[in-house]
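K.L.:
Using the sequences and the hints, build the whole thing.
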Amino acid sequence: MERKRLLMIAVVFFFLMVLGNTPVIAEDSETSRATLAGLQGTAVIIEDLQPNVQKYASKSGLTKEQILRDVSQRLSAAGIRMVTGNEWQKIPGQPMLYININTHETEKYWFAYDVRVALRQMATLDSNPHLKTFATTWSLNITGQANIGTLHLIRQDAGVMVDRFVQAYRLANKK
Numbered sequence: 010m011e012r013k014r015l016l017m018i019a020v021v022f023f024f025l026m027v028l029g030n031t032p033v034i035a036e037d038s039e040t041s042r043a044t045l046a047g048l049q050g051t052a053v054i055i056e057d058l059q060p061n062v063q064k065y066a067s068k069s070g071l072t073k074e075q076i077l078r079d080v081s082q083r084l085s086a087a088g089i090r091m092v093t094g095n096e097w098q099k100i101p102g103q104p105m106l107y108i109n110i111n112t113h114e115t116e117k118y119w120f121a122y123d124v125r126v127a128l129r130q131m132a133t134l135d136s137n138p139h140l141k142t143f144a145t146t147w148s149l150n151i152t153g154q155a156n157i158g159t160l161h162l163i164r165q166d167a168g169v170m171v172d173r174f175v176q177a178y179r180l181a182n183k184k
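The numbering of the sequence shown is the working numbering, which starts it at 10 and goes up by one.
Certain hints may be false.
[Stated by the list, open to error] Taking lysine-lysine pairs in the DSSO-like style, the calculated list, with each CA pair at most 27 Å apart, reads:
hint: 1; residue 1: Lys68; residue 2: Lys117
hint: 2; residue 1: Lys99; residue 2: Lys141
hint: 3; residue 1: Lys73; residue 2: Lys117
hint: 4; residue 1: Lys183; residue 2: Lys99
hint: 5; residue 1: Lys64; residue 2: Lys117
hint: 6; residue 1: Lys99; residue 2: Lys73
Just so you know, these hints were derived from the structure itself, not from any lab.
Please read these numbers as outputs of a predicted model, since none were measured by experiment.
P.N.:
Take a look at the structure:
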């Protein structure tokens, strides 16, 4: 049974990587951390949870609102300003911390999940300096599996990824 479940998780994430709109690439390197230097704050964007897990998730504290509160607390404790509304547009690079939790029900009441935390900023292309676009400059993701009784693990993993962002930010902004 466990072998079947692991094989299903591997197949799901293979298709997510191949067929998804966003490639699953994680980067926490010296170069990607350097893009966090001088960051004056960030907006936080959290994607809605998928319907397949929403009906069970709120009982475990796994809601978009709770994750936003968790992120806000972690950023505040680290001295990273979280901005909203028009204030975000005034920050150089218009950085946004993007959080996506992707879930797939592998069998009844079991979910494979991927938590992705990425910092996106406005970037200019060398090939066309007049063109500006948002680019992911730092990212990490974690995959796992949970059942309806352990969905709190997804929230914990999201917290771990945000903590890793905070660590990367601190390394880039040492004084």
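K.L.:
Confirm or reject each hint.
P.N.:
Against the structure, the hints:
no.: 1; hint: Lys68 with Lys117; result: holds, 17 Å
no.: 2; hint: Lys99 with Lys141; result: holds, 16 Å
no.: 3; hint: Lys73 with Lys117; result: holds, 23 Å
no.: 4; hint: Lys183 with Lys99; result: holds, 24 Å
no.: 5; hint: Lys64 with Lys117; result: holds, 13 Å
no.: 6; hint: Lys99 with Lys73; result: holds, 26 Å
Violated hints: none; the structure is consistent with every hint.
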